[in-house]
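The residues making up each chain are set out below.
There are 4 protein chains.
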Amino acid sequence: MRSFKSDYMEGAHPKVLEALINTNYEQSNGYGYDVYCDKAAGIIKKLCNNENIGVHLLVGGTQTNLCLIAAALRPHQGVISPATGHIQVHEAGAIEAAGHRVITVETSDGKIKPEQISSLCDEHKSGRNREHTVQPKLVYISNSTEIGSIYNKKELLELRRICDENGLYLYMDGARLAYALTSDENDLTLADIAALCDAFYIGGTKAGLLFGEALVISNNIINQDFRYIMKQRGAMLAKGRLLGVQFEALLSNGLYFEIGKRANAMAKRIKNACIENNIPFLIDSPTNQQFLVVPNNTAEKLKDICEIWKKTDENHTAVRLCISWAADEKAVDEFIGILKDVSA
Amino acid sequence: MRSFKSDYMEGAHPKVLEALINTNYEQSNGYGYDVYCDKAAGIIKKLCNNENIGVHLLVGGTQTNLCLIAAALRPHQGVISPATGHIQVHEAGAIEAAGHRVITVETSDGKIKPEQISSLCDEHKSGRNREHTVQPKLVYISNSTEIGSIYNKKELLELRRICDENGLYLYMDGARLAYALTSDENDLTLADIAALCDAFYIGGTKAGLLFGEALVISNNIINQDFRYIMKQRGAMLAKGRLLGVQFEALLSNGLYFEIGKRANAMAKRIKNACIENNIPFLIDSPTNQQFLVVPNNTAEKLKDICEIWKKTDENHTAVRLCISWAADEKAVDEFIGILKDVSA
Amino acid sequence: MRSFKSDYMEGAHPKVLEALINTNYEQSNGYGYDVYCDKAAGIIKKLCNNENIGVHLLVGGTQTNLCLIAAALRPHQGVISPATGHIQVHEAGAIEAAGHRVITVETSDGKIKPEQISSLCDEHKSGRNREHTVQPKLVYISNSTEIGSIYNKKELLELRRICDENGLYLYMDGARLAYALTSDENDLTLADIAALCDAFYIGGTKAGLLFGEALVISNNIINQDFRYIMKQRGAMLAKGRLLGVQFEALLSNGLYFEIGKRANAMAKRIKNACIENNIPFLIDSPTNQQFLVVPNNTAEKLKDICEIWKKTDENHTAVRLCISWAADEKAVDEFIGILKDVSA
Amino acid sequence: MRSFKSDYMEGAHPKVLEALINTNYEQSNGYGYDVYCDKAAGIIKKLCNNENIGVHLLVGGTQTNLCLIAAALRPHQGVISPATGHIQVHEAGAIEAAGHRVITVETSDGKIKPEQISSLCDEHKSGRNREHTVQPKLVYISNSTEIGSIYNKKELLELRRICDENGLYLYMDGARLAYALTSDENDLTLADIAALCDAFYIGGTKAGLLFGEALVISNNIINQDFRYIMKQRGAMLAKGRLLGVQFEALLSNGLYFEIGKRANAMAKRIKNACIENNIPFLIDSPTNQQFLVVPNNTAEKLKDICEIWKKTDENHTAVRLCISWAADEKAVDEFIGILKDVSA
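If you read the protein sequences in the order shown, they are chains L, H, W and X.
According to the numbering used here, the stretch in the first sequence is residues 7 to 350, in order.
According to the numbering used here, the stretch in the second sequence is residues 7 to 350, in order.
According to the numbering used here, the stretch in the third sequence is residues 7 to 350, in order.
According to the numbering used here, the stretch in the fourth sequence is residues 7 to 350, in order.
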C-alpha cells in the first residue's frame, strides 16, 4: 500500500530524472555558474515577468529560509510569522541561530492577517522603550500554508500594503507553491507574487525534484551579495548544475503546474470521499494536503499511510494526507477503500 | 515630587558611594583580579554556604543573562521563560543574538509552573521529529518577577525536581532578589537558591549600587571558562575593582537586606493606602513593585511619577510604582496624598 | 577537449547514477530515516571497524565543516587550521558566522606540524590574560590537503598525541580522502582515521557522487544531538535516501577506492610527463591534484582546461589539474599533447 | 612604589568623581535619556564640529567595538585590522562571536598602510570565486595604537581615500585617543577624525573615568537603530546618567586634553631617562605608553611595576610602562631611580 505521509517520499518526476541522466557526463563549472542554471533563471524571470529579479537555486527549504532572512535583517530585527510557520515549528531554531527572533501570531488557518501585523508594529513603536524589544522587519508567510490553506490576490495585496506602511519586507515560503498556484481557489500568478513579495521561493523538493528550491529576490537590497551568504551557510551546491537541470525540466512545458494540478485533483478525490462518508476536516484545504479528523483507533490503523498530526479532542485525532507527484488514481482509490473499512 | 517610576533612578546608597570614594586612588589589577572582588566573592560564598560556587561580577542584567545563557547552551538548545520574562520583553533579542530561542509560557502571575515545563518537554520528546525543533535546556525565572511576585521554597524545590527529571538547568534572574528575600512572604535564603539553581544573580543595580550584578554559578560545567565568555561579550569591566568595592559594601553588615526590607515596607504603606481607598491591583505583589489599576485620567495625572504599565480595560490603566533604596516615608506619604487627590 | 579544472565538473559515477535510478520510485521516510542511510552507515562502521561511531550524511563540505564545528565548540573556542585550509580560504566565513575564530598557521605543504599546535597552546596558556584571547579547542586538517599532500600514520599519531596533551579535538576534512587513501605514499586506513580523529568525513562530491559527504564522529560528546545541529543549519536533506543510496553504491565493492586509485594513476601519468618535459611543480603531490609551474603565456593558453592557481614569480604561474573519476587515459594523453605543444 | 602597568589601575580623576558625588541623589530616566547624557553629547558634537553625528555612551571598549561592528556589517563581511589590533588580540573572539572575521595584516608599528588595504581588496575582487571568501568591509585602526604610535592627518586622509575607493568603512578605536591627540607629533583634531572616520570613540576608561567610552558615529547608515544593538548586546547602562555625568566633567574645561598632555609629559620624562641610560625601545612611541627593552633579569625585577610585554631575543625582554592621569613627577622620578639601579 502506497503511503501518503508526505510529498517527498519518492525521488524525482521521470522527466526530471531523465534530464539528470542525459547531462550526467557533461562537464560544467561549479557553484551555479553553468548554462543550466542560467536557463533555469531565464525561465523563472520570464514566468515572473521581470528581468531584474535575482534567482538563486538552493538545495532545501530550511537552508533557503535561513539564507534569505540572514541576508535581509540587521541584528536587532525579527521575523513575524504565523505560529504554525515552518521557521517556527520545523527548523530547529535556524532563524535564532542566525541571530533573529521569530515573533509568532496565532492563526486559525495558518494565514497571517494584516491587522495582526499592524497591531504588532504599533505596539512596538509605541512601547516605552522600543529599543529594548526586537524590531519587526520581515513578514514570513507560506503558500500553501503548513496546513494546506492558500492566500488569494486580495489578501496578498493587503499584506503588501501593510508591510509598506510599516517598512517591512514580505517573504513567501513556497515549498508547496505548486499546489497553491494550481488550486481551484487560486487567483495568483508567479508574476503577481514576484511583484508583491520582496522574495519568495518556488519549491522543488515537494514538487517532483530530487531536491531544490528556486529563490526569487525582487528586492535588490536583499539580493546584493546574496551568493556570499549562500556560500557562508553551506547552501551553495558544488555541482550546481544539478539544480539548473532539474528546474529547467520542471519549469519547461508546464510540468510544474501539471504536477500541482494532478496532486490537487487526487486530494480532492479523497476530500470528496470523506465528505460522502461524513469524515470531518481539521481545516478546509484546497490543496494537496488534507487533514482528516478520525477516531483515535482509526488514526492508529492509518498511521503507516498517513501522518499523525495532532489530537483534536480526547477521542479524535487529525491525520494528514499529503499527495505527491507520484500518486495515481489507483493508489488514491485504494486509500479510500481502506479509509471506509477502518471507519466502518 | 519624587518619582517612583523605577528603582534605578538614583545613584548609589551612601555607604556604597563612600566605599568607592575611599578606594578611588588605590591601584589595582584590572578585570576582577583585585582584593575587593576577592572579598566580595568570599562574602557571597559565605552567604550561599558554599565554597565551590563560581562568583562573577558583571555590570548589568541583560549582559549577565546573555553571558550565562551563552555559556550554558549548545547551539540547538533554547530557554523556557515566562512570557513576561525580562529576556523575552526587555532585552532586544539578546538571547536570539546569542543563537538561542526563548520558548515562552503564559502565566497569570509571572511565575512558571512545573507542569508547564514538563508539558513542554514531553511535547518536545514525543514529537514526530524532535530534532526539527528547539531542544529546551534551561528554565529562566525571575525572583521577584517582573510583576512583583515571588517564589517560595516549595515552589523552587518543585521546579528543581522537574528540571532534574528533564535534564534542564534552572537559572534565576535576581535583578530584584533583594526585594524577594526580604518580603514578608519569603521563606528562601541565598543558600537555598544557590543549592537549588544552577545559577542565579544577586542584583545590585536595582538595589542601591551604581551598577553591578553578582552572578553565582553552582554548576561547574557552566562555570568552566566563564570568564572567557564574559570577556567575549564585552561584560568584563576594566576597573573591575569598582564592582568588588560596591558589592563588599552592599553585602557587609546586612545593607543589602536592609535596603530590601525598607523598600518593601514603603511599598506596603502604599499598598495599604490603596486598599483603604479601594484602588485595586493588577497583581497582589509582596515586594517593592506595586501595580495600581486606576481610571485612565488618573493614570494620565500620575504619569510623571509612576510608570504607565498597560491598559487593563477601555477605561482603566495599570501604573507601576517601584520603590528604591532612596525613597523615604515622607516621599511615600506625599505620593499617597497625590493619589488620594487625583483619585477623588 | 576535456577540462581538468576540478574533480566535481561531471555528475555521478555510472554505478552511483544507476542506484539512484533504480530506487527513484520507492517511497521512504525523510531526513535520513530510511534503509539506504542505515545500510550506508553500516558499511562505514564496518570500514572504520567501530560500531559506536556516529555516521551522518550531509550534502556538501562547507555544510559538514560548519555543522561539526558548531556542534563541538563552546562560544569562546576556536579552530586551529593551516592557512590554506578550506575553512579559511573557501567558505566565506562560515566558521565565524557560527561564532568561532579560525586561528591559522603558515605551512609550506598544507600540513600542520604538531609543534605549531603546541606552540599556539603554550602561548595561549601562558598569556597575561588568557581569557582575553580565543581558546584553541579543535585542530582542522585536510587529507589530502588543498594542495594535494597527504598525512601518513606517524604524522597522524603525533597530531593525536599533541591534541590529547592540549585537550584539543582533531577533525579531518576528507573532501578528497579517496585520493589520499589510495595514494602510493599512503599508510592509513579508514579505521586508523576513525580511531585517531574525533571526527572526519568521507567526501563524496569530489569522488564520484552527485553530492554527499559522510561525516563520522568518533567522539560521543560531539555526536550527541548532532542531528539537531544539522537540521538547524539547513544540512538535513529532505529526501535523505539520496545520500544513503549513493554512499551504499560508492562504498560497496570497493568503488570508492577504485575511483581514487584510477584518478591518482592519471595524475601520475601527467606528473611523469611533466618531469620528462622539465616542467616543475609547486609541490610534490602524490594525489589527484597536480600543480604545474609554467610560463605566464603557457598558463594563459591552458586556462580553459586548468585552474589558474597563483603567480609564483613575475614570469611564472602555477596551474592546477584536478583529476576526476571521469577522466580516462585518452583525455589525459590529449592534455599531455597540448601541454607539450604550448610549452614548446 | 606606584605601578605603571596600565592606565586603568586607579579610579576616576578627582573632578570626575566629584561630579558623580554631586549628582548621586538626583533622579533621572534610565538608559541614557537624561540631561547629563544630552549635555555630554552636545559637548562632543561641538568638539567634532558636527551636529549630525550620533553619540552613544557605552561602558567599555570591547563592548563598543563589537556593537559598532555588529551594527555596520552584513553577515558575509569582515574587518581588516592590524595583527596587533585590540579586536584581534584582546577581545576573546568578540567579533567572531558577532559573526565576522577579523582579517589581519602585519605591521611594524601597529599602523595599517593604505596599500595593505587596497592589496587585500584587489585580491578579494579578483579571486576566482570571490563569494567563497569573506568580503572586507570595515577597516579597524587604533589611535594611539596598542603599541603607542599615532596616525597623522596625512595618513588618515590617505586611509579615507583608499576606503572610499573600495567601499569600506573606517573605524577608529580611541581607547587612548586622549594620548594621541595631545602627543607632540599629533596634527589631528576631533573634528578631523569625525570627518574622516565613519565612526570612532573617545575613550574614557583609560583617560580618567571610572568607565565609559563615547562612540561617535558620523555615518548615518550605521547609526540607524544603533541603540537597539547596544541594548541587545547588554551595552546600555541602566543608570546611563553615570556616563553622561562623567563625560561632561571630562570634556568640559579641557580636562580630557589636560590629562592626555600630562601623561605624555611623564612618559617623555621616562623616555629621556632611558635615552640617557642607553636603554633602547621596542618602538619610538610619542604617547603615554613606553616599551623598554631590558635584559631579562632587569625585566624580572621590574615586573611588579611594569607589564612584561614580550621577549625580544633570548636575553632581552620588552616591558611596557603605561602612564595614567594619576601619575605624578615624584612617582616617575622614583621609577627612573629604580630603573637606573636595576640596570646598573
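Some hints could be false.
Unchecked claim - Taking lysine-lysine and the DSSO-like style, the derived pairs with C-alpha atoms no more than 27 Å apart in a straight line are:
| # | chain 1 | residue 1 | chain 2 | residue 2 |
| --- | --- | --- | --- | --- |
| 1 | H | Lys131 | L | Lys309 |
| 2 | W | Lys316 | X | Lys119 |
| 3 | X | Lys267 | X | Lys317 |
| 4 | H | Lys45 | X | Lys309 |
| 5 | H | Lys52 | H | Lys309 |
| 6 | L | Lys307 | L | Lys119 |
| 7 | W | Lys52 | W | Lys267 |
| 8 | X | Lys119 | W | Lys317 |
| 9 | H | Lys21 | L | Lys316 |
| 10 | H | Lys309 | X | Lys316 |
| 11 | L | Lys131 | H | Lys21 |
| 12 | L | Lys317 | H | Lys131 |
| 13 | H | Lys21 | H | Lys309 |
| 14 | W | Lys45 | L | Lys309 |
| 15 | H | Lys52 | L | Lys131 |
| 16 | H | Lys21 | X | Lys21 |
| 17 | X | Lys21 | W | Lys131 |
| 18 | L | Lys131 | H | Lys307 |
| 19 | X | Lys316 | W | Lys119 |
| 20 | X | Lys309 | W | Lys131 |
These are computed hints drawn from the structure, not numbers from a lab.
A quick note: this is a predicted structure, and the numbers were derived from the prediction, not measured.
Of all the hints numbered above, which does this structure not satisfy? Sort the numbers upward.
Result: hints 3, 5, 6, 9, 10, 11, 13, 15 and 17 break, sorted rising.
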